[in-house]
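Between the sequences and the hints, there should be enough to build the whole structure, so can you do that?
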Amino acid sequence: MKKATKASIASVLLLAMTAVGLSGCSAAPAEEENITLTFGDWGDMGFKELFTEYHNLHPNITIVEKSSEYNKHHEGLLTALASGKGNDINGVEGSWMPYFVQYPDKFLDFGTDKQADYLDWRWNPAVATDGTVLGLPTDVGGMAVAYRTDLFEAAGLPSDPESVSALWANGWDGYLATAKKYTDATGKKFADSTQSVFSGIVAQTPEQYYSASGDYVYETNPSVKAAWKTATDIAPYAGSAAVFSTEWNAAIADGNAAAVLAPAWMLTMIKGIAPKTEGKWNVASVPGGGGNWGGSWVTVSKSSAHPEEAKAFVEWLLAPEQQKTIFLTKGNFPSAVAALNDEAVTSYKDPFYMNAPVGQIYSSAVATLKPAILGPKSASIGTSFQNATTTVAQGKKTADEAWADALAEIAKNTK
Amino acid sequence: MKISFSWLKQPSLYGMLIIVALLSLFPFYWMYVIGSSDNSAIATIPPTIVPGNNWPANFAQITEMFNIWTVYRNSFIVAAVTAILQVFTSTLAGFAFAKLRFRGNQALFGVVMVFLMIPLQLGIIPLYLLMSKIGLVDTLAALILPYVVSVFGVFWMRQAMLSNVPSELIDSGAVDGAGFFRIYWSLALPLVRSSAFVLLLFTFLTAWNDFAWPLIITQTPDNFTAQVAVSQLNSANNPSYPSILGGSLLMALPLIAMFIVTAKQFVAGVMDGAVKG
Amino acid sequence: MSKAIHISRKEESRAGYLFLSPFFLLFGIFGLLPIIFTFYVSFFKWDLLGTQEWVGLDNYIELVADERFYSSLGNTISIFLLSSAPQLVAALLLALVLNNKKLRFRTFWRSVILFPFITSTVAVAVVFGAMFADNGGMVNWALGFLGVGPVPWHADGLAGQFVIAMMVNWRWTGYNTLIFLAALQAIPAELYEAAEVDGATKLSQFFNITIPQIRPTIFFTVVTSTIGGLQIFAEPYMFSGTGYAGGSDGQFRTMTLFLFDQAFAQLRLGYSSAIAVGLFLIIAIIAGVNFLISSKLVKADK
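Those sequence lines, one after another, are chains A, B and C.
With my numbering as the guide, the letters of the first sequence map in order to residues 1453 to 1867.
With my numbering as the guide, the letters of the second sequence map in order to residues 310 to 586.
With my numbering as the guide, the letters of the third sequence map in order to residues 19 to 320.
Worth flagging that the hints you see were computed from the coordinates, not collected in a lab.
Note that the coordinates shown come from a computational prediction; the quantities given were computed from them, not determined experimentally.
Keep in mind that the hints are not guaranteed to be accurate.
[Unchecked claim] Keeping only pairs whose Cα atoms sit at most 30 Å apart, straight-line, the calculated BS3-like set for lysine-lysine is:
1) C:Lys63 with A:Lys1864
2) A:Lys1829 with C:Lys63
3) A:Lys1558 with C:Lys220
4) B:Lys442 with A:Lys1829
5) A:Lys1537 with A:Lys1558
6) A:Lys1763 with B:Lys442
Laid out in structure tokens, this is it:
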């Protein structure tokens, strides 16, 4: 026993020393001209191959990707900025940008050189009140609806994109009516989630939770209330309450969601969740007109040791040519004007989605899009409403109770 | 009232123990079952309880999300260094409280007892800010420093010193002209070896399994510990249960190995501590 | 001679303070300072990157009126009760089983029941979350044979709190069993022999000898599980699938989750600090009561 104890302690010590030794080796300084830029993001933003390509073009620059989960990434960025540490380059998702844009002194200014390259409404949210440009825009999230043709046919619904789009030509009421008809006919669920329906409808209005003058209008805004009504009405016909949940993943993979509200990046996500459903999906237009869901920026931190190199890399990464490549290989729709008008983009058809002309669909979706007014608490308010729709979907509350509770919650969180 | 504890007799005794053992072990086994199956196995009716043959593919998916060796290395450094330093500071303070005569001994120990009631987790956000002030955010040092001392450890080692180290030993050592540090190191420490070992194991375990603090203080995947890595797998962007459960098992593997090797001392340590505590 | 002793005494004092200094120094910096700073920050409005704005007692005024504070306290206590009470009873029963003198493979059984203790709360949460899935989960499948369910584990507050408590129970029952077992083995055999002679039943022996003898141990386990239970974080965080929000309706929002939600999801560091102070007071009161009761009982035993 004594011996064993001693031996265990000794081995723990030894292993600890080895481990420390190892870490020492890996931290050895690199050659002088070589520069490593760290790039923080959540999951796959579609850049991986481009990191390698840039390294081939500029052999002295290596991009190292630091991926973490979505919330963890943004909290990490937040805390990194507070402590003046962290990655050289960071992705910032749309709903976080209104918060970070309040603190331009933490970010490198991109200036206005590249402004003309991008859609105005995708450029502006990253511009601080003092004129600092915090980052360059990645993709846009113009919306469409991805639907399962086989399931639509089995339910006695039309399955070609024109006729499907016609089902909800009159807007979300048509979508809701189709959902009801589908579920009545098959016993299965129609929409992917109540939360995404809510978010999607809210995204279609320019004035959401804030007015143009920066006041809270979430309580009185009729379009928020309308989104709430449709989302809670559709709950019985939705495969999942929450979006991006395991239940939601299962619904899409197992055919318990016949229609998925889909910005361009969602088409990529569906491929990952349900690879076996290839060739069964098609893409129709979204009810209720244009709207943007998602879309990010890439920023460079002030604390970066190589700001000029980082800036040059980001400018290359998000230039029209690369955005075109990203769309054609990953599916994220460009925010660079030259890329989104490019013939190769507009004529692109996706084989996973029965060769739907997704390039053309998202181009026209972007054309009808109205830029949204966001504020620092937009994400928090949206989350409260979304969680409240879940309580309705779970049968815990009536829509009216949940609405009142959500308002109370938001009032507290926005103090 | 003639109720006897006859159910405590065999073979029902062994039957009951086997059920308890199965309950204890099943979740570990099931992590492997799902971790080696394809994604649909998680929700099949009836449940999947036999391992599949998808382990290599799932393993590849896990390694794509984070570097297993980096995570093991980080967790190991943090847990081992924390455990060793905490045992050192605790035995040193425990020795002073139990065996050295100096003004304020009793009073200072009273202060320690008050500390015992303070839930340190509450200071987690200012602790974060403190780390950021001294430039340690997102370093392994930030994961270690707050746990280098432990109120419980001091309390624990003081008890051990009180019951295992005779006071005459101190006096005889002092008369021999040995410094007090030498008395602590070569006379007292060997006598409390088993209690110190239990503290070492517990601290290692606690540090390896800590979640709330690493979750906020680590930022780049280079510094992720096992628990943060598992929580990364369990995110909306990852629809794969096999990688989540397989990853959880992988991250627990070093502890499982450690437990199997030290099971006897571990069990003895837990029980030993209970009587004295 | 007397001079030598005098020097040695002085040296002994010096050594005492020196040996204590690493503990007090590090504890002061990493333990006390943050807590003091928490009090300080609780008087400000602050979003971490911006400037701190003095708001006096506003955060506390808001806190006492915020029903989320009370509901998260309620959830915490509910999870704590669902976990500690059944766990300690089960641990005591198991300890009685393991205390059987004729039992073979003792070390094996003891190791096996302690095994769950080494897993992380994160891993436990992942596995239990899957076993207790609302649709297609193993537990609902099994309950189906009994004509029960399916139980909406992730939607319903009490059902989900039960699952969270089960995670705690699974991990800690074995540990507490060994603690009880050690206490049982420390009871002098003569006590039982005497009772046997008096013709006392096993049951009355259990209540009249066993329980009073292990009372300090019972209190030890209650105190440790209280302090751990009031700070529960990882299990509800992983189980709810809604991040710091703790469920769609905050049904799994514990005190610590509430604190994190306000700090990192709502970026209200000041309010979050006020929550921490509130939680601190509650734990201090509970710990104090615990301490008083247990010290009284220990005294009563003597």
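Check: Hint by hint, which ones does this structure get wrong, listed from lowest number up?
Finding: 3
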